[in-house]
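Asks: Each chain, written out:
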Amino acid sequence: MVPEKQSQNFRQRWLPHPLLTLTLVVVWMLLLNSFTLGGFLLGTVLGVLIPIATSHFWPGRPLLRAYGKMMAFLGIALWDVLVANVMVARLILFRRPESLATRWVAMPLELRSPEAITLLAGTISLTPGTVSSDLSADGRTLLVHCLDAPDAEVAVRDMKSRYEARLMEIFP
Amino acid sequence: MAMWLEFLISLLIVVSGIFILVGSLGLLKLPTLMTRLHAPTKATTLGVGGALLASVAFFLGGERTLSVHELLVTGFLFLTAPVTAHFIAKTYLHLYPEERKTLPVLPEPQQGWSTYVASRSPRADEQQDSPHE
Amino acid sequence: MIEYALIFGFFAVSVALLMNLWRLIQGPTVVDRLLAVDTMVINVIALIILQGMYQRTTLYFEAALLLAMFGFVSTVAYCRFLLRGDVIE
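Going down the list, the protein sequences come from chains E, H and C. Going by the UniProt record's numbering, the first residue of the first sequence is number 1, and it counts up by one from there. Going by the UniProt record's numbering, the first residue of the second sequence is number 1, and it counts up by one from there. Going by the UniProt record's numbering, the first residue of the third sequence is number 1, and it counts up by one from there.
Please note that a few of the clues may not be correct.
Derived list of chain H stretches under chain C, where covered just means 3 residues or more per stretch with a C-beta under 8 Å from a C-beta of chain C [claimed, not checked]:
1) 9-15
2) 25-35
3) 42-53
4) 56-66
5) 74-80
6) 86-94
FYI, nobody ran anything at the bench for these hints, they're computed from the structure. No residue lacks a Cβ here, since even glycine has one placed at the ideal position from N, Cα and C.
For reference, chain E alone in the conformation it holds in the complex (with noise of 0.2 Å):
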């Protein structure tokens, strides 16, 4: 199929990260801070111009599958983010320090994918009393630091089934 294949090396000439571009005409329309036609017409420029003349540095385009999901996820994520400053708040003004159970907590992965990983590490440091602290040199095992876990376990199983279980329905 010649045609197809021609369009595919269109594409990929032309429009490496059709998401990148659409990132990067909101962000400039968002700068703009009001719409003109004008403002829209560069921002589309720089859109495509951009993921070109960078396309080197990222070869590889991250995989994502099943955009409703992320949407949801990133609906979670906020609320947690919410619930989690509430309790992070009651911590700090109504408990005394000694009397919190601080401890390291390894997380094994099952993601594999980079942007995964880091997507997940994001979330954790922006919820519940938990900071992803390092990540292990095989990229298997997650290191997080929680400000009041009386059971490592149920924490771990906690993020485990929150967060990676639904991120890997999300990247393949």
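Based on the hints, put chains H and C in the right spot on chain E.
Replies: Frame of chain E; chains H and C shown alone:
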């Protein structure tokens, strides 16, 4: 401006002020660096996010202009807060190796945490990365 | 009503900045100081936004955006310097 909108904006400002205050109080009160790291990354980010939302509502309701800059700042802060926290934690682990004894042991102990293993030369890093592409 | 809320906001952020300053001066380790400065940058962004509402102008948001970017980049650069002894390898 409508009464309920005014009330909502005031509530957002007050709540975000409280969150910012609590985050900084945590930074002051908690005993060790790793526990201190929890307070500002969460509470302060949410506090600033709340203030920015209040600002969007304020200019939309009061001045009748839709200002979307704030969303950009909020998004940027939410993207960067985990990265900053991760870097600070790594730096702490790197500078204070005595913390290493308290870290959990990996399933394969020869692998180790990357902060302690990554002291190879940059050349070795490049060679490791190349098959990935 | 919003004026009073804003005054409370100014008060809260100022007290928060003072607390951060105390941690910056006292902080036992250099990482504590770094964390204090990073928090101060975020608090100053909040202060700028509140001031923008107080003066009813959207002029300050570019300043807030630039401060957010510079705060992030400088924190990460300093962390890298402490980690590797070099910022750009």
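Asks: For each hint, tell me whether it holds in the structure or not.
Replies: We went through each hint and held it up to the structure:
no.: 1; hint: 9-15; result: holds (count 5)
no.: 2; hint: 25-35; result: holds (count 4)
no.: 3; hint: 42-53; result: holds (count 6)
no.: 4; hint: 56-66; result: holds (count 5)
no.: 5; hint: 74-80; result: holds (count 3)
no.: 6; hint: 86-94; result: holds (count 6)
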